[in-house]
Amino acid sequence: MSAASHKALSAHFTEEQLAQAVPVLQQFWQQGQHQSFFSFDQSRICFSSFHHPTPRAEIVLSPGRIEAGQKYQEFCFDLYQSGFTVHLIDHRGQGLSDRINGDRHLGDVADFQHYVQDFALWLQCHIVPQQQAPLLGLAHSMGSAILCRYLQQHAQHNFKGAIYCSPMFGIQSKPLPQAVATTLVRLLSKLHSLSNRQHSYFPGQRPYQRRPFSGNHLTHSEGRYQQFQQLYQQQPELQLGGVSARWLQQALLAIDELQGAAVLALPQLIIQATEDPVVDNHMQLRYQQKHQQQKQPCELIKIEGALHEIIFESDPLRNQLFTALNRFLLQLGL
0 MSAASHKALS
10 AHFTEEQLAQ
20 AVPVLQQFWQ
30 QGQHQSFFSF
40 DQSRICFSSF
50 HHPTPRAEIV
60 LSPGRIEAGQ
70 KYQEFCFDLY
80 QSGFTVHLID
90 HRGQGLSDRI
100 NGDRHLGDVA
110 DFQHYVQDFA
120 LWLQCHIVPQ
130 QQAPLLGLAH
140 SMGSAILCRY
150 LQQHAQHNFK
160 GAIYCSPMFG
170 IQSKPLPQAV
180 ATTLVRLLSK
190 LHSLSNRQHS
200 YFPGQRPYQR
210 RPFSGNHLTH
220 SEGRYQQFQQ
230 LYQQQPELQL
240 GGVSARWLQQ
250 ALLAIDELQG
260 AAVLALPQLI
270 IQATEDPVVD
280 NHMQLRYQQK
290 HQQQKQPCEL
300 IKIEGALHEI
310 IFESDPLRNQ
320 LFTALNRFLL
330 QLGL
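Using numbering that gives the first Met the number 0, read the sequence shown as starting at 0 and increasing by one per residue.
Because the hints were derived from the structure by calculation, they are not lab data.
Some hints here could point you the wrong way.
Label-pair distances were calculated between CB atoms; the ranges are [what the hints assert, rightly or not]:
id : residue 1 : residue 2 : range
1  : Q232      : Q131      : 34 to 40 Å
2  : P296      : R205      : 40 to 46 Å
3  : Q41       : A7        : 39 to 45 Å
4  : G304      : L331      : 24 to 30 Å
5  : Q25       : Q291      : 41 to 47 Å
6  : Q208      : A7        : 37 to 43 Å
7  : A260      : A7        : 20 to 26 Å
Just so you know, even glycine gets a beta-carbon here, dropped at the ideal spot from N, CA and C.
Build the full structure now, drawing on both the sequences and the hints.
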């Protein structure tokens with residue numbers, strides 16, 4: 000079957016239909032393969048796979064911070080119905096994977112590289128050996144930094160392309176200037192380490208608490224917002240709150256390494272939310288321009304008016320995401 004004859008990737012439910020679609024999505028999720036493995040330090044990492052009988056490609060999905068795989072039920076359903084096998088991982092410290100310390104709500108990591116090592120081991124042992132179709136990386140926010148660092152460190156990777164949605168290639172520091180915020184994070188991380196408080200929340204961060212849709216900075220879709228809020232209420236073990244100074248320090252170090260690394264040769268697509276208050280859009284542009292200057296394929300598409308979680312946005316904005324994805328898939332021959 001040629002790429003042109005493939006079924007276009009599209010949404011299968013509108014926001015209004017989501018509430019009635021919950022049983023269908025839950026049944027779909029239950030029919031997936033849900034497994035785990037022990038990583039390099041014996042941390043248990045959970046992952047899920049949805050194997051299409053005749054896949055046009057295999058999507059390797061790397062979620063963002065706080066997120067559990069279950070949050071992506073609708074998106075996985077959309078991908079599967081469009082002919083894709085889907086694999087997604089719960090990064091260490093979130094979802095159903097082992098938490099880093101005794102406070103299950105604290106977003107923490109000893110070294111950002113640990114995320115990358117987990118990701119590499121997952122691919123090496125559980126995805127590539129059973130691969131039946133081309134691999135395509137698709138990531139959101141923090142997951143984009145993990146995917147990108149993996150690609151930068153593994154020249155012999157199996158990926159045909161990479162898609163980054165609202166990638167964490169920089170972190171918003173407003174109202175503080177970036178240099179001031181970075182210095183503050185480093186100082187607090189050092190102080191917490193010296194006082195044996197590595198497992199403390201960064202100032203202004205706190206344990207998980209359910210927040211109303213009004214005033215949220217993630218999505219304009221109340222239906223999709225309430226759906227994942229309800230998921231976290233029904234499964235409290237998925238809840239995750241704010242971050243430690245150590246997590247922020249590790250994230251900033253990883254971003255520096257990501258931006259300073261050699262350019263990648265595979266096709267890449269950056270999907271940018273123009274109203275994103277979480278990540279630094281300027282750093283996404285910087286990453287793209289560096290690749291363009293060295294004649295490597297890296298496209299940046301802006302979705303005007305979108306907030307951080309483009310995959311969970313309102314229908315008109317989410318449909319723009321699907322249009323961008325379909326165009327990229329066509330370019331890849333998928």
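Evaluation of the provided hints:
Taking the beta carbon of each, Q232 and Q131 are about 37 Å apart, inside 34 to 40 Å as hinted. At about 42 Å, the CB distance of P296 to R205 agrees with the hint of 40 to 46 Å. Range check, Q41 to A7: about 43 Å between beta-carbon atoms, so the 39 to 45 Å window is met. For the pair G304 and L331, the supplied restraint of 24 to 30 Å holds, since their beta-carbon distance comes to about 27 Å.
Evaluation of the 41 to 47 Å hint for Q25 and Q291 yields a pass: the beta carbon distance comes to about 43 Å. Against the hinted window of 37 to 43 Å, the Cβ-Cβ separation of Q208 and A7 comes to about 39 Å, which satisfies the hint. Hint check: A260 to A7, Cβ distance near 34 Å, so the stated range 20 to 26 Å is violated.
When the structure is compared with the earlier hints, a violation turns up for hint 7 alone.
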